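Enquirer: Please model the entire structure based on the sequences and the hints provided.
Sequences listed follow chains A and B, in order.
Numbers 1 to 329, taken from this note's numbering, label the letters of the first sequence in order.
Numbers 1 to 243, taken from this note's numbering, label the letters of the second sequence in order.
No lab work stands behind these hints: they were computed from the structure.
Quick caveat: nothing in here was measured; it's all calculated off a predicted structure.
Idealized CB from N, CA, C, for every residue including glycine.
A few chain B residues facing chain A, derived, Cβ under 10 Å:
#1 Q20
#2 V52
#3 P53
#4 Y55
#5 S57
#6 T59
#7 S78
#8 M146
#9 G148
#10 F149
#11 S150
#12 P151
#13 T194
#14 N212
#15 Q220
With a straight-line Cα cutoff of 25 Å, these simulated DSS-like cross-link-like pairs (lysine-lysine) come out:
#16 K85/A / K104/A
#17 K195/A / K8/B
#18 K8/B / K234/A
Quick list of the computed label-pair ranges, beta carbon to beta carbon:
#19 Q4/B / K234/A: 31 to 37 Å
#20 G21/A / R172/B: 30 to 36 Å
#21 E114/B / E311/A: 55 to 61 Å
#22 E99/B / T181/A: 52 to 58 Å
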Amino acid sequence: MSITIRQPGILTTIQDLGRYGAQKYGVIVGGAMDAISFRIANMIVGNEQSEGALEVVLFGLSFEFNEDTLIAITGGQLYPTIDGKSAPMWRPILVKKGSILQFKSGHSGSRAYIAFAGGIDVPDVLESKSTYLNASLGGYEGRALKAGDTLQFGELSHISEGLISNLQSPTSNDWSVNYQTFLNFKKHQQIRIVKGSEFDEFTEDSLDALINEQYTVTTRADRMGYQLEGHPLKMTEEFELISEGVTFGTIQVPTSGQPIVLMADRQTAGGYPKIAQVITADLAKLAQSLPMNQLFFHLVTIEEAEQALFEQEQALHDLAVSIRFKALY
Amino acid sequence: MDIQQNIKMRSLGDSAIVVQIGEGISPDIHHVIIHLMTEIERDPFHGFIEAVPSYNSVTVYYNPVTIYFENQQSQVNSAFQKVSAFMEEYIKRVNPEEEREQRVIEIPVIYGGEYGPDLGVVATYNSLTPEEVIDIHLNHEYMVYMIGFSPGFPFLGGMDERIATPRKVSPRQAIPQGSVGIAGKQTGIYSLETPGGWQIIGRSPASLFLPNSSPPTLLQAGDKIRFKQIEEEEFSTYKEEVI
Numbered sequence: 001m002s003i004t005i006r007q008p009g010i011l012t013t014i015q016d017l018g019r020y021g022a023q024k025y026g027v028i029v030g031g032a033m034d035a036i037s038f039r040i041a042n043m044i045v046g047n048e049q050s051e052g053a054l055e056v057v058l059f060g061l062s063f064e065f066n067e068d069t070l071i072a073i074t075g076g077q078l079y080p081t082i083d084g085k086s087a088p089m090w091r092p093i094l095v096k097k098g099s100i101l102q103f104k105s106g107h108s109g110s111r112a113y114i115a116f117a118g119g120i121d122v123p124d125v126l127e128s129k130s131t132y133l134n135a136s137l138g139g140y141e142g143r144a145l146k147a148g149d150t151l152q153f154g155e156l157s158h159i160s161e162g163l164i165s166n167l168q169s170p171t172s173n174d175w176s177v178n179y180q181t182f183l184n185f186k187k188h189q190q191i192r193i194v195k196g197s198e199f200d201e202f203t204e205d206s207l208d209a210l211i212n213e214q215y216t217v218t219t220r221a222d223r224m225g226y227q228l229e230g231h232p233l234k235m236t237e238e239f240e241l242i243s244e245g246v247t248f249g250t251i252q253v254p255t256s257g258q259p260i261v262l263m264a265d266r267q268t269a270g271g272y273p274k275i276a277q278v279i280t281a282d283l284a285k286l287a288q289s290l291p292m293n294q295l296f297f298h299l300v301t302i303e304e305a306e307q308a309l310f311e312q313e314q315a316l317h318d319l320a321v322s323i324r325f326k327a328l329y
Numbered sequence: 001m002d003i004q005q006n007i008k009m010r011s012l013g014d015s016a017i018v019v020q021i022g023e024g025i026s027p028d029i030h031h032v033i034i035h036l037m038t039e040i041e042r043d044p045f046h047g048f049i050e051a052v053p054s055y056n057s058v059t060v061y062y063n064p065v066t067i068y069f070e071n072q073q074s075q076v077n078s079a080f081q082k083v084s085a086f087m088e089e090y091i092k093r094v095n096p097e098e099e100r101e102q103r104v105i106e107i108p109v110i111y112g113g114e115y116g117p118d119l120g121v122v123a124t125y126n127s128l129t130p131e132e133v134i135d136i137h138l139n140h141e142y143m144v145y146m147i148g149f150s151p152g153f154p155f156l157g158g159m160d161e162r163i164a165t166p167r168k169v170s171p172r173q174a175i176p177q178g179s180v181g182i183a184g185k186q187t188g189i190y191s192l193e194t195p196g197g198w199q200i201i202g203r204s205p206a207s208l209f210l211p212n213s214s215p216p217t218l219l220q221a222g223d224k225i226r227f228k229q230i231e232e233e234e235f236s237t238y239k240e241e242v243i
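Expert: Structural data, given as structure tokens:
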């Protein structure tokens, strides 16, 4: 089974849940920006949650199905159509051979994910299918997709087979995932943070602004990081930092005082002061934010951040179990 | 150095911890960092993802969900506390007196000309001749403190301050892979073609990033390197040999 790209859109890449284990060699983690939508897309088609799938930015992508294929589209609402008709999101769709899937215009959220039953068949590089654009490795020949590229899919799991036969059955029950349990695509986002390493080195006025004022996502927002704009953040005294590890959601403050949140394709180390860290449970919401969206930071403890993550993981686990149940019974 | 007296542990969000040892940059601190890396990787705790060394810290990435569900019966309040306790155990196992094997890797470099367009800049800035700059650069052993910035890019310590030179005012759009540069008191080697502001004094045919090998880089934190001058004719021979 395969698809052929007609128009690549702004930036369409193969991603998975990231390339771990090689950060000490300077190899970035990468992976899906919104890992929740990504994992749910794979679940809906019966794949492993970490299987390779497409990350689609905003609009412009179109491709043709070369065979009948089970797919799921999740993430931001980018108004996908199949043969000109609005395509449903967050549920399994059995697409007919020769159909064209297209992302036209209008959006809430910045990124959509398309999972294909069987997963995208590209080789693992350093144990991951994520596309690492700067090093030209992983994904499809280490680059974003282009017109004419053909993507092959792997073998179907028995869960995928069960889901397909359900969809073909005349008594099949429609179902979809209630994504609101996990994320939303509001223009004003509450984003929970914990203190960063240098939190206490910032002025009282700066910390007050960080927590009580809004920060706007600027147009300089890509897979590496989101440049924010708001009340400038200043340290009580200048001090030189030595480079050390950073992670997804680290909020760094360069001398301009305007914070940058590090995202999926961040470098492995950074030398700017770290005022705060977005909690893992809120990274998907952050990743779906668009330029001009407003972020409101809410300070929580590590224990609260962990608790939010455990609850989210429990809900994802329950969802995976219920999908498997639908496929097999 | 009394390690126990000089440890700082802090969270990097809910899924990573930074273990800092001492302050600043020194070979002694880094020696302890590499020992700590070895201890963690030799016997990783359940939920461990990876560890990344820097000048004076190790950042350990972990899955708090795994740790939480495995330790529900214990008295520990959070995954972070549990990982902090693991880190204390690893630190206890580190013996700073213990010598470790340190590789010394030779990096062939062709200096000046089209391969090192800023050799003259570095010479002029330091009131030296280009030959003196090359001699000073060749005449030292450099410590690989960490790999970062791009895959395989070494952050080196030990450069002679007589050839220190500020970065270029406006960075170049593309610096060829293998370029050897100076930025302030640091020297380094570009592992990929990237934009950059370092003063480029030469180029090496060695490949620093080897994505299909294990490990995927020529250099690792804790190694030492020496530069070796080669002539233009040797460049392509090295290119074929050093893979």
